[in-house]
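Asks: Line by line, the protein sequences give chains Y and F.
Its first residue numbered 4, the first sequence is counted upward by one per residue in this note's numbering.
Its first residue numbered 622, the second sequence is counted upward by one per residue in this note's numbering.
The set of hints was computed from the structure by calculation and includes no laboratory data.
Treat the hints with caution; some may be incorrect.
[To be verified] Only part of the chain Y face toward chain F is listed, based on derived beta-carbon distances under 7 Å:
(1) L149
(2) S151
(3) F159
[Unchecked claim] Heads up, simulated DSSO-like pairs for lysine-lysine below, C-alpha to C-alpha not over 30 Å straight-line:
(4) Y:K10 with Y:K29
(5) Y:K29 with F:K674
(6) F:K1029 with Y:K59
(7) F:K734 with F:K762
The C-beta atom is built at its ideal place from N, Cα and C for all residues, glycine as well.
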Amino acid sequence: MGRYVFKLPDVGEGTAEAEIAAWHVKVGDMVEEDQLIVDVMTDKATVELTSPVSGKVVATHGEAGAMAAVGGPLIEFEVEGEGNVADGEELVAEAPVQEAGVAPEPEPEVAAKAKPEPKPEPASSPKAVAAERPAIATRRPGDRPLASPAVRRRAFELGVPLQFVPGSGPGGRITHADLDAYVASGGQTGAGARARYAERSGVREEKVIGLRRKIAEKMQQSKRNIPHFAYVEEVDVTELEALRQHLNANRGDDQPKLTLLPFLMRAVVQAVPDFPQVNAIFDDEAGVVYYHEALHIGIATQTPNGLMVPVVRHAEARDIWDCAAELARVSGAARAGKATREELTGSTITITSLGPLGGVAATPVINHPEVAIIGPNRIIERPVVRDGQITVRKMMNLSSSFDHRIVDGYDAASFIQRLKGLLEHPATIFMD
Amino acid sequence: MSNTINTKVLVVGGGPGGYVAAIRAGQLGLDTVLVEGDRLGGTCLIRGCIPSKALIHVAGEFEAMTAAAAKGGKHGVSLAAAPGLDMAKTVAWKEGVVDKLNRGVATLLKKAKVKVISGWATFADAKTCSVDGADGPVTVKAEHVILANGSVPVELPNLPFGGPVISSTEALSLNELPKKLVVVGAGYIGLELGIAFRKLGSKVTVVEAMDSILPLYDKQLVAPVRNWLEGHGVTLHLGAKAKALKQTAKKTALVIETEDGETMDIPADKILVTVGRRPRTDGWGLENMAVDMDGRFIKVDDQCRTSMKNVWAIGDLVGEPMLAHKASAQGEMVAEIIAGKKRRFDPVAIAAVCFTEPEVVTVGLSPDEAGAVHGEIVTALFPFQANGRALSMDAGDDGGFVRVVARKSDHRVLGIQAVGRHVSELSGEFAHALEMGALLEDIAGTIHVHPTLGEAFHEAALKALGHAIHI
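So that you can see chain Y by itself, here it is in the shape it has in the complex (with noise of 0.2 Å):
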């Protein structure tokens, strides 16, 4: 019998850390060869690993939330035969597996004190003795509470239904104390919320990990980085939703439709050539940027998870059609979470619409390294003049942002102006 220690092998290019999304075995569990044994998740994709031998697993660094350093010790196998360690030999961690939440530290020194302990053994966290806890009132659906007739008396009388008391004794039994707490807390009762509003105190404690951590971690770094400057200007798209209409009525019911945002896309590929400042790349620690000549275009979108930015990538080679075709392709992906690492990544400038919810106006956040981002705000019908007379047209507005460090204001707004004139006159959108 020999122990293997498996490292977290290099997930993605040149990423040092991962995030363990989730084991799928625990300590105990016997493993064949190339069986998943863990999801962890580098920028924005997740990667299932499998194991690389077959054996029992005797020990696994890190919990699920907790960033594991590439190189460092992931799992340990018993395995048949001579493993990759020596018995007895001591692991060195390359890099310590690190508490969930706490930023990976360059210097040591100054880690020594702010770093807690490298964990010795999951099982002693924190985390783990709590959700080793037996659980409270885990009731299943439609399970009859477990209570005695005095108890069920009192809660019918108080108006409790018992399903939502948690009960602290055996087996999830509500005591009479149980139901006392209940009620004392605020939890509703019958007569109370016929009678008054009821107060709510309860808080929902919940760790951010995953995706949310890796939107709040760009986001914080977007903000704190950037210094922003947002600029609105209104757009009459009447001529392009005329055309937009046009162009869908001759399609059939199983080619794809146009929204607004293709014709938006190839806007951008027209006026970018003129304005390259905003179409780039700043590596402000590097204090260098890069301006693209493709257009790598990021396209925020919602998803079940969260919000994601998946890529557009060489939108000034695409039609406008492919554009759409595309779009629909990578934003799909992304929402299904089957969107890979590439397509999530290599923007160059972004576009953030939330359709009717659009608004009036917005401030977007810079996908950081980038430094420009346009949002299209909801097409609306409003009375404007136009010669002297009131007419009604399709007006929409863009509030986009940019990185004041690179973009001036004056460029910004001309490259805004450049758009509005492509826009307005649909025909030069197509016109080389």
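Chain F: place on chain Y using the hints.
Replies: Relative to chain Y, chain F alone:
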């Protein structure tokens, strides 16, 4: 001119549902009238539970003496001659017990200031009934009506009651022991009486349409009863149909069609038909009250409200189980609701007992039911053969046992069944365990008195936990 009484609460039926409702209503200070068409106490007290238990007791004594009179005696006790039986005196003693309880109910009602009207109530509308009482006609108008009319034995169309064909009511008042008794229907009523008559010396034959005795219970649970029947010469015709009564000048017989489709005659002095009971929903103006029905029963909610405001129904009228203790619990509850208390009928389980030989108790879910509802379960059975108290009172060799059924995940006790002599007295502990939401550990952690039959319950719980001591 008829006399009219206005009252807050009118209870119709003086059985264990109705009289308990009336007493509780009276205790709570509600102006209450109880109308009873026969005698206070109802089926249970007058022609059911109580008289049958009296008869069963006498049968047990007679059987013991018969055993003592047999060659060699029993347990060192011997009688020189076989015991005699004067059935008329037995019935008279039984009537004495019934009378005593009947008077007791009357006293309790009086103490609770309930006005009792003797006579048959007929409803003209939901809140008004007329009673043809002994003291002349009376009209009762009430704010609340509690219907507790009970149930009656089901008659077989091809075997109507009358002559040698009797129901349990007549069987409990026979002045002469039938030499040959045929029992149609092997439910608990038929078997309780059939076994008693067998012990008293009748030749007993049981005809049952289903393929099992006590068909509502599982085979394992009823096996000891079946063994007793077979060991004591009771002929069982299972899967058989009672076809007709055949009467000639000399002989009476029941014609049956056996499981194999053969027709045969079973000679009988009496044919006891116990094929169930039906709610008494006719003959008292229910149709004038505009209450909704649920099949043959009156439809009620979990507070025993009918579809008519302030008309309540309890007991056998509202559904299974048709048991006295259920009716009483509902009666008490309804009285309290009328008095303004918040109540509802939500028992975890209602225990049922068969006073057969041996006795059978069931509370909660059987293993099959529990498995179907809760998935993974554990069951454990402890035999009375390994229980000192059972052996010391000759109750250890009839195959009896206590069985517990619990959910595997959290050990919540879901059902308890027992079969054995005297196990009826364990029913309270079983029901209590379920109502309190006992886990197996709770039963195992309760010290049970030695030597008692209850230890078998304790041991069954230990066994379910994997560490029974005495087996």
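Asks: Each hint should be assessed against the structure and marked as holding or not.
Replies: Against the structure, the hints:
1. L149: Holds: closest Cβ of chain F sits about 4 Å from L149 (chain Y), inside 7 Å.
2. S151: 5 Å, holds
3. F159: Hint holds; F159 (chain Y) Cβ to chain F Cβ min 6 Å, cut 7 Å.
4. Y:K10 with Y:K29: 16 Å, holds
5. Y:K29 with F:K674: 61 Å, violated
6. F:K1029 with Y:K59: Roughly 28 Å between the alpha carbons, so the hint for K1029 (chain F) and K59 (chain Y) holds.
7. F:K734 with F:K762: Satisfied, since the Cα-Cα distance of roughly 18 Å is no more than 30 Å.
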